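Please put together the full structure from these sequences, using the hints given.
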Amino acid sequence: MSNSLDSYLVLSGLLFAIGTFGFLARRNAISMLMSIELMLNAVNLTILAFGAFIAPLKTHAAVIALIVIAVAAAEATVGLAIIIAIYRNKKTPLVDEYDSMKD
Amino acid sequence: MPIGDSIPLVGIRWDDALFVVLAATLLISAVLVVTMRDIIRCGLSLTVSFASLAGIYALLGNPLVAATQVLVYIGAISVLILFAIMLTQTKNAPARLVFQTQVWIAAVAAMVIGNVIAVTALTTTWPNLGDRVSTVTADVARLLFHDYVLPFEIVSVLLTAAVVGGIYLARREPDRREGDRS
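Residue numbers (the numbering used here), protein chains in the order written: chain A, 1 to 103; chain B, 1 to 182.
The set of hints was computed from the structure by calculation and includes no laboratory data. Be aware that a few hints might be false.
From the structure, some residues in chain A lie toward chain B, with a derived Cβ separation under 7 Å [what the hints assert, rightly or not]:
id : residue
1  : M32
2  : A70
3  : N89
4  : P93
Ranges of calculated distance between the beta carbons of each label pair, as one might list FRET restraints [claimed, not checked]:
id : chain 1 : residue 1 : chain 2 : residue 2 : range
5  : B       : V10       : A       : A55       : 46 to 54 Å
6  : B       : V79       : A       : L94       : 54 to 62 Å
7  : B       : V133      : A       : N89       : 49 to 57 Å
8  : A       : K90       : B       : D5        : 52 to 60 Å
9  : A       : K91       : B       : V116      : 22 to 30 Å
10 : A       : K90       : B       : I3        : 19 to 27 Å
11 : A       : R88       : B       : V79       : 45 to 53 Å
12 : B       : G130      : A       : E97       : 48 to 56 Å
13 : B       : L122      : A       : V43       : 13 to 21 Å
14 : A       : D103      : B       : T120      : 40 to 48 Å
15 : A       : L57       : B       : A67       : 31 to 39 Å
16 : A       : K91       : B       : T120      : 41 to 49 Å
17 : A       : K91       : B       : A17       : 46 to 54 Å
18 : B       : T123      : A       : K91       : 19 to 27 Å
Every value quoted in this text rests on a predicted model; they were computed, and no experiment measured them. We put the beta carbon where it would ideally sit given N, CA and C, even for glycine.
Dropping the structure here:
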């Protein structure tokens with residue numbers, strides 16, 4: 001089971017689906033960011049699974065995964081800073097109350 | 001003392017047992033992240049899912065990426081998220097009504113995406129498929145600082161820009177505050 005690529009790919013597909021659900025369904029902006037982190041982790045798992053099972057990709061996958069982790073860290077920093085800035089103006093973390101562009 | 005290839009008496013291989021345990025922890029904690037009411041608990045559950053994912057990376061034979069996962073995700077991003085939760089959640093920001101109104105559509109969309117990915121992964125025959133091999137960290141370093149040196153430098157610039165941008169966005173604006181008071 002742990003020695004077949006399929007089980008890892010299905011696992012990461014499930015993780016990505018859970019992240020999608022959280023991103024679409026949650027009202028809290030920080031919950032949405034957490035769901036995005038879950039999706040990025042699923043992508044990383046896919047990259048590393050391919051790298052572990054397909055010999056020509058072996059080392060490249062690890063390097064690409066490291067770069068993806070760094071970019072995800074940058075994304076989390078900016079995303080959380082934006083949420084804190086919006087919170088300071090609107091006094092709510094719920095995304096469905098961010099409706100000033102409607103008026 | 002070396003332990004055998006499989007669990008004694010039961011006969012399941014250690015790898016398989018570890019994979020099942022880690023995958024179950026990962027999926028359960030991920031579901032808790034997106035469904036729990038209390039957002040602090042969501043953040044802690046997210047940490048658990050990062051940790052089990054680090055275990056899966058180690059199982060895939062990638063100790064360097066597993067260590068990076070622990071350092072960056074558990075050590076930095078989880079703490080960042082927990083601090084942001086503490087800064088942005090008011091007491092009256094309701095624990096009631098966790099989900100948007102279109103929660104059923106979201107559930108259907110997520111199920112469709114999960115099924116499409118799973119079916120595609122199971123029906124495709126991948127070329128050059130071999131057995132699981134571990135990655136040598138020295139090779140990763142050689143490749144990162146030789147072939148991938150340009151992406152590496154670009155990522156370092158991007159991280160600097162992101163940190164400066166984050167500080168700029170999240171800082172208090174002293175002028176406006178004083179204007180409010182006067």
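Restraint outcome when N89(A) is required to lie within 7 Å of chain B by C-beta distance: violated, 10 Å
Whether the CB-CB distance between K91(A) and A17(B) falls inside 46 to 54 Å: Cβ of K91(A) to Cβ of A17(B): about 49 Å, so the range 46 to 54 Å holds.
Do K91(A) and T120(B) keep their Cβ atoms within the hinted range of 41 to 49 Å? holds, 44 Å
Could you check the hint for me, namely that L122(B) and V43(A) are 13 to 21 Å apart, CB to CB? holds, 19 Å
Is 22 to 30 Å right for how far apart the beta carbons of K91(A) and V116(B) are? violated, 40 Å
Given the hint of 52 to 60 Å, is the C-beta distance from K90(A) to D5(B) inside that range or not? holds, 58 Å
With respect to the beta-carbon atoms only, verify the hint that V79(B) and L94(A) lie 54 to 62 Å apart. violated, 23 Å
Against the range 31 to 39 Å, how does the distance between the Cβ atoms of L57(A) and A67(B) compare: consistent or not? For L57(A) and A67(B) the Cβ distance comes to about 21 Å; the hint is violated.
Cβ-Cβ distance between R88(A) and V79(B): within 45 to 53 Å? violated, 21 Å
Can we keep the M32(A) interface hint, with Cβ of chain B closer than 7 Å? With a closest approach of 10 Å, the M32(A) hint is violated.
Satisfaction of the hinted span 19 to 27 Å by the C-beta atoms belonging to K90(A) and I3(B): violated, 56 Å
Using the beta carbons of V10(B) and A55(A), state whether their distance is inside 46 to 54 Å or not. At 32 Å between Cβs, range violated.
Going through the hint list in order, the structure does not satisfy hints 1, 3, 5, 6, 9, 10, 11, 15 and 18.
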